[in-house]
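A.B. asks: Protein chains in written order, with the numbering used here: chain A, 1 to 309; chain B, 1 to 489.
FYI, nobody ran anything at the bench for these hints, they're computed from the structure. Some hints could be false.
As the list claims (entries may be wrong) - Simulated restraints, written as ranges between beta carbons of each label pair:
| no. | chain 1 | residue 1 | chain 2 | residue 2 | range |
| --- | --- | --- | --- | --- | --- |
| 1 | B | PHE15 | A | ILE132 | 53 to 61 Å |
| 2 | A | VAL286 | B | HIS93 | 22 to 30 Å |
| 3 | B | TYR270 | A | GLY139 | 38 to 46 Å |
| 4 | B | HIS362 | A | ILE237 | 53 to 61 Å |
| 5 | A | LEU108 | B | ALA190 | 39 to 47 Å |
| 6 | B | GLU118 | A | LEU98 | 53 to 61 Å |
| 7 | A | LEU124 | B | TYR270 | 57 to 65 Å |
| 8 | A | LEU124 | B | SER280 | 54 to 62 Å |
| 9 | B | ALA330 | A | LEU98 | 55 to 63 Å |
| 10 | B | ALA366 | A | PRO295 | 46 to 54 Å |
| 11 | A | VAL286 | B | HIS362 | 30 to 38 Å |
| 12 | A | ILE237 | B | ASP183 | 55 to 63 Å |
Positions of the beta carbon are idealized from the N, C-alpha and C atoms, including for glycine.
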Amino acid sequence: MFGRLISSRLTWIALVLLVVGATLPLYVTGYILGILTLSYYFGVFAMAWDLLFGFAGEVNFGPTFLIGLGAYTAGIINANWGWPMAACVLAGALMAILGGVLLALPALKLRGPYFGLMTLVAVLLLQNFIVIFAGVTGGEIGLTVPDVLFIDDSANYEFALGFMVLSGAILFGLSRSPIGLILQASGQDAVETAALGFNVAKHKLAAFCVSAFFSGTAGALMIFYLGTASVGTVVDIAVGVQVIIAAVLGGRRTILGAAVGAIFLILAGEALRPLGELSTFVVSAVALAVILFFPNGFIGSLLRVGEKS
Amino acid sequence: MSAPLLEVSGLTKRFGGLVAVKNIGFDIRPGEILGLIGPNGSGKSTVMKLIMGIERPNAGMVKVEGVDVAGWPSHRIARHGVGIVFQHSRPLHRQTVLENIKLALLPDSLIRLFADPEVESKAIAIAERVGLGSVLHRRPATLPFADLRRMELAKAVARDPKIVLVDEPFAGLTSGEVNDFSDLIRGFRAEGRAVLLVDHNVKSVSALVDRVKAMYLGEHIAEGSAEEVMQNETVRRVYLGGAITTAARPEATFKGNEPLIKVDELGVLYGKAQALEKVSIHVHEGEFVSVVGLNGAGKTTLFNAISGLVPYSGAIRWEGAPLAGRSPAAIARDAGIVQCPETRELFGDMSVRENLDLGGQHLAKAERLERTEWLFELFPIIKARQPQAAKTLSGGEQQMLAIARALMMKPRLLILDEPTLGLAPVILEQLSKALEKLRQTTSITVLLGEQNVTFALPHADRVYVLEHARIVWEGEPGRFAKEAGAGLL
């Protein structure tokens, strides 16, 4: 197991990237660090989504339902009752898990497009709720949270990097464990998986909970980094679509690819900002081209090359 | 005698109004192989699913070593000692053969993040037993068809089940592979497992089974040794039809001019499974030809190749000119080869009349109305049902509508794929009368695919028998029972 880990090319590439990533504050500006910090939280969103879609086979079109639940729960508690940040994040994560279970129950009954539709409706419901109860949630203007993670850019950056690496390690490890194998089988052929003696419902429910936990935690941490929670950053369907594109772009069923895709998407969007309105168009076109011509995504294509040899 | 491992009694399953399985019961002892046979739609696969818990029975008991597991979820039944070898499955494509087998050895647990070390050696041992030793690290997509089936068998073995259910053990295998698989299944018997083989006919499993139970339309019809069941009157009637009066017109009547359609050395591959091999048939203008074969023999594939829906090797000639390269739409519209598929493919939310009008879309209004009137005469029930949504019709009515819609297109060759599928005997009679009338009053050319011989023979001028992707017999319907019947039992 560990021998294979050391000999794997992927391990070394990851290690190099990690060292470069960790020392980045030494040679880039605070502005770039800020963008990367955001992209790392985004990376966790995409990885958590990949666990559900790539492994459990559940097409969740509303990743922001889980993210938004975590973010707003943490934000509201912090703003209204002044709980310490750690407790707020924990509460946000728990709320997201609750939301995950709520999504999972119909997911185990509904098939295909119906479940996808339901996840979209869940996002719209959450968005409506936030707008209607503006007194508590800040409504369309957004919710300002009194606490922030760190004042210093570098500290914020290192924290986000650490969080993404830790989440990535856990999710990746899970995907490569026996549970990941059972999940993949459940996603592909639930009838046969059950006939092999696996409780498909139990495994899928667990996948929903794990995905929700990381989505919610990342969402909560992100608003404590930004200092505000708003529909536009953590709930809007457009944000969810970006998470999905990131995961597919990086390579579904790879977990790590999702993070790579997310960082690429955010950085590319920022690099093309001088193009103004066009930037979104260019990034979308690139994403579309990658999905069309390399349906396995960045990392997926790399792994494929390895598979063939 | 030892106590039975599996005891099934009073098993019943209804799907809506249809009784798919009616009061079925049997026992299997340790080290015994029972063959459960029946034609398509007889409910045998449903029985297997009920035992495995994939479907929940409406009534009855499934006792595994004395414990009634009827209605339990699949995974609990599996953990209780029942294993199944599916005919088709979707393996894990990104994982190797070995990892696919390891999956079956894992515990149903959310906290075991690392597999036990002996899982690997166990999986290798199982792979070698089923003959996958040399392809352990290949991915399923690169395996030949027989190896994929071996992998399914390996997964079932890995669960170490007391009772093994095998769905169509030999479908798609060559004779050498059939021998290998037979030996593996005999191995189950030697280990004292109870084995249930589900298949279409006695012949394919007769060398293996200790006993055979035959089903038809959800009911038990015969039980005994393979020979006894093959001799059984009811079984013979179900598979071969009773005394059939045939009305064949000799082929010479149609000879002289070129066949309307001529299929030469047709071959079709589905991935790695050979669906058709060197199939040659021809149909003359005005002739009624039946292709008889069990489910999975390749009838639908043959028709789909003619309609241009699947790629093939060999040649299909229509009035002497090759059909290859023409789109399915052109084949249906311009050539006039209209297929009425097994699945009927009605537009369920549209009314009966709309379905018909759609078929006659290319006709001038006057001609369309005239043709509709003619069809109402042929199928009076359709006339009464005009405003109803097509999906609310009964199975028999839907079949008639599907045929009527195909006839609206003024076909020169009408292909009927298993029109009798899932229909009750009384409906068959009505359908049969309509076909007879069609044959008597028009000069239509028909190619009929059927496993129900009673239905296929009376109208036919000529019969082909399709078995395991090949044509094995051709001749007049009158000679069928004597010469080709045994192959279908």
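A.B. asks: Would you mind marking each hint as holding or not holding in the structure?
C.D. replies: Evaluation of the provided hints:
no.	hint	in the structure
1	PHE15(B) - ILE132(A): 53 to 61 Å	45 Å, violated
2	VAL286(A) - HIS93(B): 22 to 30 Å	27 Å, holds
3	TYR270(B) - GLY139(A): 38 to 46 Å	57 Å, violated
4	HIS362(B) - ILE237(A): 53 to 61 Å	44 Å, violated
5	LEU108(A) - ALA190(B): 39 to 47 Å	40 Å, holds
6	GLU118(B) - LEU98(A): 53 to 61 Å	39 Å, violated
7	LEU124(A) - TYR270(B): 57 to 65 Å	43 Å, violated
8	LEU124(A) - SER280(B): 54 to 62 Å	60 Å, holds
9	ALA330(B) - LEU98(A): 55 to 63 Å	57 Å, holds
10	ALA366(B) - PRO295(A): 46 to 54 Å	52 Å, holds
11	VAL286(A) - HIS362(B): 30 to 38 Å	45 Å, violated
12	ILE237(A) - ASP183(B): 55 to 63 Å	58 Å, holds
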